[in-house]
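Q: Residue numbers (my numbering), protein chains in the order written: chain A, 1 to 188; chain B, 1001 to 1188; chain C, 2001 to 2268.
None of these hints come from the bench; they were simulated from the model.
By construction, the Cβ of each residue, glycine as well, lies at the ideal position given by its N, Cα and C atoms.
Be a bit skeptical, because a hint or two may be false.
[Claimed, not checked] Derived DEER-like restraints, expressed as beta-carbon distance ranges:
id: 1; chain 1: C; residue 1: 2224; chain 2: B; residue 2: 1156; range: 52 to 60 Å
id: 2; chain 1: B; residue 1: 1156; chain 2: C; residue 2: 2168; range: 20 to 28 Å
id: 3; chain 1: C; residue 1: 2045; chain 2: B; residue 2: 1086; range: 29 to 37 Å
Each chain is listed here by its residues.
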Amino acid sequence: MKENLVLSIIEAFIFAQPKPVTEKVLIALLQQHHLIEADNNENQLYIHHCLTSLQNHYANRGIVLCQIADGWQFRTASDIASYITQTINRPKRLTRSAMETLAIIAYHQPCTRADIEQIRGVSLAQTVTDHLLEMGLITPKGHKKVPGRPTLWGTTPAFLEYLGINDLCDLPKREELLGDIPYQDNPL
Amino acid sequence: MKENLVLSIIEAFIFAQPKPVTEKVLIALLQQHHLIEADNNENQLYIHHCLTSLQNHYANRGIVLCQIADGWQFRTASDIASYITQTINRPKRLTRSAMETLAIIAYHQPCTRADIEQIRGVSLAQTVTDHLLEMGLITPKGHKKVPGRPTLWGTTPAFLEYLGINDLCDLPKREELLGDIPYQDNPL
Amino acid sequence: MDYVVSEHHAEHDQEEDSFVVHLEGFEGPLDLLLQLAKTQKVDLVRISILQLVKQYLEIIDSAKRIRLELAADWLVMAAWLAWLKSCLLLPEKPTDPEAAEQAIDVLHERLEALQQINRVAQWMQNRPLWGQEVFGRGEFEDLTAIDSSGILLDMPRFINAYLTMRRRQAKKREWSVKRRPYWTVKDALNRLRRLLGKDDMPGWQFLEVFLPIFTSETILSPEEKRRQWKAALSGTLLAGLELAKIGQVQLNQTEQFGQIMLKVQSSE
């Protein structure tokens, strides 16, 4: 009975929030209503158990509960994307140079414009970084301590949300990418 | 199998739409993907059956599928609302005249409306004392024995509580406060 | 040369245009090199640098014939690769063989880094992206309730209100400096002019003669009286000096702190 209530609360709370909800916030919410004890080491485990239970409930449905950018969020299932995307007005996909720039920033962050240009072997148009910045995918992370003090760039939590991953570690590993077999991974 | 796909599509579509989704739109969506026949009189019935099925699936959970304004929308369950609603304290700010009136009453109590007007140098609106009275900060303390028998005002224990003091004596002394103000006199 | 180019242009108009577009389709020389490497269908480590360099130079050569304004970075890469090619073909030449090896390593590294990024970008493109294939809830619920039952009242606010009000009231009171009944220079000047206009003031007179007779309605202390007399005297002296300046009177003092004498200036 109590577990059902806890599950409903977690479900409703994550559902209502525009951003991924961290487990810490969920623990605080349940503690506030005395549904779990304060300062119990097992709270973390319990919340995780609840989230897994919910996640299982939503497996193979139109909505899925995913762990994104260090939090939990409901999203439409990617396998039914083709059915629902046509009617929703979608922004354009990123261009190849924007996507490569984003990839370099993700792997080499914090890095400067010059670093990006060096790896790609071409100069980087201002519009590309402007666009990535506008989408909230990258953010300045201070200045490099060299003459000219160029801006250092890094990725944002929105970048993780965009890709639907929980952590930068979820990006493909370097070793995976260096093999001579062309990388083909299409989860759709 | 096909029914599961249809349910997932409807579920994801309603979830992703900012407005309640009408049954007509759902029928068009499914027809577009050839999941239901075009111009079938039973489509309406079928959609309704699907929606009822989804609604049952979400019964007694944190999220409910409800019919709002001729369309369908997911909402957090109302019985969970109290758990997930976060209350923000935004205490009311006293107006300048209310605050000043309160200060005069605190320092010169018991005092009459005329006393307050004399110190502030402006006439005092009835609403100001009414408001302070309503907030439980001041209270009548008898009548002054002069013609017209005007009400004498004083502060309440609630006033002390707000300021976090035990006694009126704990207020900073008037002489200390007014030391730097030239030409002071006490009309009371 | 001009002739060759124009002939070429006339013959392969279609092909050539597509070729130009083809070159611009690459994101710089390094990108082209990587694409050429991919056509060798072997691991980047085992790739034939010589073959790669040859291919690149051939493309740039033909592109140069068509478009002389080829961008500098394409040509810089071409020059560098031409040097590398010469090192590879003539290993016995007294050029530094280590430099060539290093150059090959650098090229390998740069191609590998770019290939890695190419693949990450591809991986990202293939993900179900937020806002593209995957969506969040269309409408979010605002789950905040505002409790404004409290009152914003604390000691600093309270004291501040009282002080502000008292200060404001204090400012409204008019302050006027108490007028002292002292004899002013202006008074003295008027009196001097009036007295000097009379004929019965011949010759030198003591300055004190011109002082007014004080009849005060309030009883003054001896101290106050002395101050009043001093003010009158200095006022009269100043008035006298003023008149002397414009030549109406003469002033005379025989010794320090001595009596000051005043005389009407004769008109001649």
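Q: If any of the earlier hints don't hold here, list their numbers in rising order.
A: The structure breaks only hint 3.
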